[in-house]
Amino acid sequence: MNEKRKVLITGGAGLIGSILIDKLSDKYEFSSLDLKEVPGIKSTVANLDELDAIQPAFEGIDTVVHLAADRSPEGSWESILQNNFVATYNVFEASKRSGVKRVIFASSNHAEGGFYLDPPWKHINEGNFHLLERDNYELVTERHMIRPDSYYGVAKAYGEALGSYYNDYHGVSSFHLRIGWVLETDDPTFSPYALSLWLSHRDTAQIIDLCIGAPESHKYDIFNATSENMWKIFDIQHAKDALGYKPEDAAGEDFELREYKRTT
Amino acid sequence: MTDKRKILITGGAGLIGSLLIENLGDKYQFSSLDLKPNENVPSTVASVDDFDAIAPAFEGMDTVIHLAANPSPNGSWESNLKNNFIATYNVFELAKRNGVKRVIFASSNHAEGGNYLVPPWKHVNEGDYHLLKQDGYELVTEKNQIRPDGYYGVAKAYGEALGSYYNDYHGVNSFHLRIGWVIRDNDPTVNPHGLTLWLSHRDLVQIMDLCISAPDSYKYDIFNATSDNTWKIFDISHAKEALGYKPQDRAGSEYRSK
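For the protein sequence lines, the chains are A and B, in the order given. Sequential numbering of the first sequence, starting at 2, is according to our numbering. Sequential numbering of the second sequence, starting at 66, is according to our numbering.
Extracted from the complex, chain A is given alone in its bound form (with noise of 0.2 Å):
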């Protein structure tokens, strides 16, 4: 019987980091590095931005997530260069001193996010979808050119070249999920920008469980994730050849605009 693939989750107990935790760990053996314990799960209580504190959680470590982050869009400089462009910097680097095979970075939107300036993303993320035709208007592959929305997306783009670098010179292979939003309440109905960007929980977990699984030969790679919403800005069509994603979930058009509040 083989054993389970150790997998570190940075932020584990974050949301994301939860979903992972509850929906896939009868198949992987999970531990956290985040700012708090997770409870019942192998926990390093650190701070990322300090290489030497978190590096013995790598240890014996064949993959990890990395998903912790000043997860905000509107972050400060100062915040974002410490918790996302160092701390991502760390990451990668005590994945190579310890040997880990493949890092599944946490990606956003935020790296494109300056589309939705333009039409027709534009259009769709101020639900004016009247404007547009079904299916048949441009959607933001990974081949366009960053165009980030914020020094939270500057720090997602940076992560995806950190990422490279490591793969084409040090052996650490690298997976990019240029993630939509990942709801706490798992329902997107309260904005058309929430419609487009949904991830649904376990369109999350499907997909994340893709990279962990991909084969060794599958070395770097960048896809947009979210599920198969009716009016997309990303095209997901690259998961889904690639990886064999297959989303489960799909927004519709209806929404009814209500602030979005995280409770943690």
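Any given hint could turn out to be false.
In the DSS-like style, the derived pairs of lysine-lysine whose C-alpha atoms are separated by at most 27 Å in a straight line are [unchecked claim]: (1) A:Lys241 x B:Lys208; (2) A:Lys24 x A:Lys5; (3) B:Lys187 x A:Lys220.
Read the hints as simulated data drawn from the structure, not as lab findings.
Take the given structure of chain A and dock chain B to it, following the hints.
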């Protein structure tokens, strides 16, 4: 008579900065920000990672040419973090605060240097020209995915992304030149890497001049920047078409060593 455009060059005392000041000093009013003065122009002597110390140099500027960096493709993470990541943020943020209209960023071929690991570019980089048909292989364009070969190259890709953000959200337009290799003695025959990446002194001056004077309506772009070398890795047709770049120099096939 119109006033000359006011241009701050970060790294104005370095090789590229000195070439620009020497060749374009009649056309533009240059100043320099560097660790040492450029004796030919008004100079601020400060480290670009020191936000408060460099802030006054940006006052009244129309254009900033951002060259200052740890220029080693093999620089450490710590040095790149300070001199390339933080410094480039400082430059864009100060450009925004001072109403600078355009930043021209010296990006680099190293943002795409990972491509040298694989054919056909590996063959070009190693001088194995007999394995290729001239003009009969794929070139790396500005649309290829980012593939850096070091922290330096990662920092260049980051600078391009940061510049896109400042253009879209803060009205600082930005041009990014993926510069091949500007060589002090202007002789690329040193090795095949030099032959493919060479950006001659006068071609450098020309493409920078074109970026400075491109219309205000032209907001953001990335350009590969080499001379019209025989054995290319990078496609320079975008700079030719979009900027009107007409390289005057061309490296050949003969080199001294690998």
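Hints and how they fare:
no.: 1; hint: A:Lys241 x B:Lys208; verdict: 22 Å, holds
no.: 2; hint: A:Lys24 x A:Lys5; verdict: 15 Å, holds
no.: 3; hint: B:Lys187 x A:Lys220; verdict: 19 Å, holds
Checked against the numbered hints above, the structure breaks none of them.
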